[in-house]
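Visitor: Residue strings, one per chain:
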Amino acid sequence: NAGVTQTPKFQVLKTGQSMTLQCAQDMNHNSMYWYRQDPGMGLRLIYYSASEGTTDKGEVPNGYNVSRLNKREFSLRLESAAPSQTSVYFCASSLSRNVNSPLHFGNGTRLTVT
Amino acid sequence: DAKTTQPPSMDCAEGRAANLPCNHSTISGNEYVYWYRQIHSQGPQYIIHGLKNNETNEMASLIITEDRKSSTLILPHATLRDTAVYYCIVYNNAGNMLTFGGGTRLMVKP
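Chains H and G are the protein sequences, given in the same order. Following this note's numbering, the residues of the first sequence are numbered contiguously, the last one being 118. Following this note's numbering, the residues of the second sequence are numbered contiguously, the last one being 408.
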């Protein structure tokens, strides 16, 4: 039982390049989330998927797209990377969007855009 | 979601109890108190959560005041591996996001 797995762990991109961050969970959770973490800013929600087939914007969605491929997988795409997107990205999942359902996080993807 | 206030840093001696306070004076009736921690370079780890009653699990205890305006996370016997940033969050169903603030950086010292 691996929990939440993110790939890759590290990535360096040039401005304008695109890439997809992958996330998979094996806990049969319905809801999945993408956060970014920047120094002094805490974690900020980019997008979330309450259930398979649905996605919604979070606090900072500009410059990103997401795909809920199936119940297990939720990917985050940067179409044209910018230096402002240099950050650590965390994927999380929860059994549901119910307030009594804790989030479980992966160990992050460290992205640098030059 | 209600805002929380935590001290930026705390120290604790190894083997002693670590008591981490959190103020959430604007909490509303349907908001839960959640605690997560983040050990350097890892993703946040869920610790415990509660609505109004005190809660205990294998990791920690959560004490919520009767008026729910503050809470304390207790690590009963802190170890060096408990050194981390601890986040207190209040959350309800109506909110679209779990918002992480600055947290408390706990340093457990030998």
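Hints in this document: simulated from the structure, not taken from any laboratory. Hints may be right or wrong, so weigh each one.
Distance condition first, Cα-Cα at most 35 Å in a straight line; then the derived DSBU-like pairs of lysine-lysine [stated by the list, open to error]:
| id | chain 1 | residue 1 | chain 2 | residue 2 |
| --- | --- | --- | --- | --- |
| 1 | H | K61 | G | K407 |
| 2 | G | K301 | H | K13 |
| 3 | G | K301 | G | K367 |
| 4 | G | K407 | G | K350 |
| 5 | G | K367 | H | K61 |
| 6 | H | K13 | H | K75 |
| 7 | G | K367 | G | K407 |
| 8 | H | K18 | H | K61 |
| 9 | H | K61 | G | K350 |
| 10 | G | K301 | G | K407 |
| 11 | G | K301 | G | K350 |
| 12 | H | K75 | H | K18 |
| 13 | G | K407 | H | K75 |
| 14 | G | K407 | H | K13 |
| 15 | H | K13 | H | K61 |
| 16 | H | K75 | G | K301 |
| 17 | H | K61 | H | K75 |
| 18 | G | K350 | G | K367 |
Coverage of chain G stretches by chain H, computed from C-beta distances (three or more under 8 Å per stretch; other residues unrestricted) [unchecked claim]:
| id | stretch |
| --- | --- |
| 19 | 305–311 |
| 20 | 359–373 |
Every residue gets a Cβ at the ideal spot worked out from N, C-alpha and C, and that includes glycine.
Visitor: If a hint holds in the structure, say so; if it doesn't, say that too.
Guide: Now for the hints, and whether the structure bears them out:
1. A C-alpha spacing of about 41 Å is found between K61(H) and K407(G), which places the hinted pair above 35 Å, so the restraint is violated.
2. Between K301(G) and K13(H) the alpha-carbon distance is near 32 Å, which keeps this suggested pair within the 35 Å criterion.
3. Our distance criterion of 35 Å between C-alpha atoms is met by K301(G) and K367(G), whose separation comes to about 11 Å.
4. Taking the CA atoms of K407(G) and K350(G), the gap is about 32 Å. The hint holds against a cut of 35 Å.
5. The suggested pairing of K367(G) with K61(H) holds, with an alpha-carbon distance near 30 Å, which does not exceed 35 Å.
6. Note on K13(H) and K75(H): the hinted pairing holds, with a Cα-Cα distance of about 22 Å set against a maximum of 35 Å.
7. Between K367(G) and K407(G), the direct Cα distance comes to roughly 30 Å. Compliance with the 35 Å bound is thereby established for this hinted pair.
8. A hinted pair counts as satisfied when its Cα atoms are at most 35 Å apart, and K18(H) with K61(H) qualifies at roughly 25 Å.
9. At roughly 31 Å between alpha-carbon atoms, K61(H) and K350(G) fall within 35 Å of each other, so this suggested pair holds.
10. Proximity of K301(G) to K407(G) is assessed by CA-CA distance (about 30 Å); at most 35 Å being required, the pair is judged to hold.
11. Among the hinted pairs, K301(G) with K350(G) is consistent with the structure: their alpha-carbon atoms are about 17 Å apart, no more than 35 Å.
12. For the proposed pair K75(H) and K18(H), the alpha carbon gap of about 32 Å is at most 35 Å, so the pair holds.
13. In summary, the hint linking K407(G) to K75(H) is not supported, as the alpha carbons are separated by about 43 Å, beyond the 35 Å threshold.
14. In summary, the hint linking K407(G) to K13(H) is supported, as the alpha carbons are separated by about 30 Å, within the 35 Å threshold.
15. Note on K13(H) and K61(H): the hinted pairing holds, with a Cα-Cα distance of about 24 Å set against a maximum of 35 Å.
16. Taking the CA atoms of K75(H) and K301(G), the gap is about 32 Å. The hint holds against a cut of 35 Å.
17. For the given pair, K61(H) sits about 18 Å from K75(H) by alpha-carbon distance, which is consistent with the 35 Å threshold.
18. For the suggested pair K350(G) and K367(G), the alpha carbons sit about 10 Å apart, so the restraint of at most 35 Å is met.
19. Coverage of a stretch by a chain is defined here by at least three residues with a beta carbon nearer than 8 Å to that chain's beta carbons; for the stretch 305–311 of chain G and chain H the count is 0, and the condition is violated.
20. Interface restraint, the stretch 359–373 of chain G with chain H: violated (0 residues with C-beta to C-beta distance below 8 Å; minimum three).
Hint check: violations occur at hints 1, 13, 19, 20; the rest are consistent with the structure.
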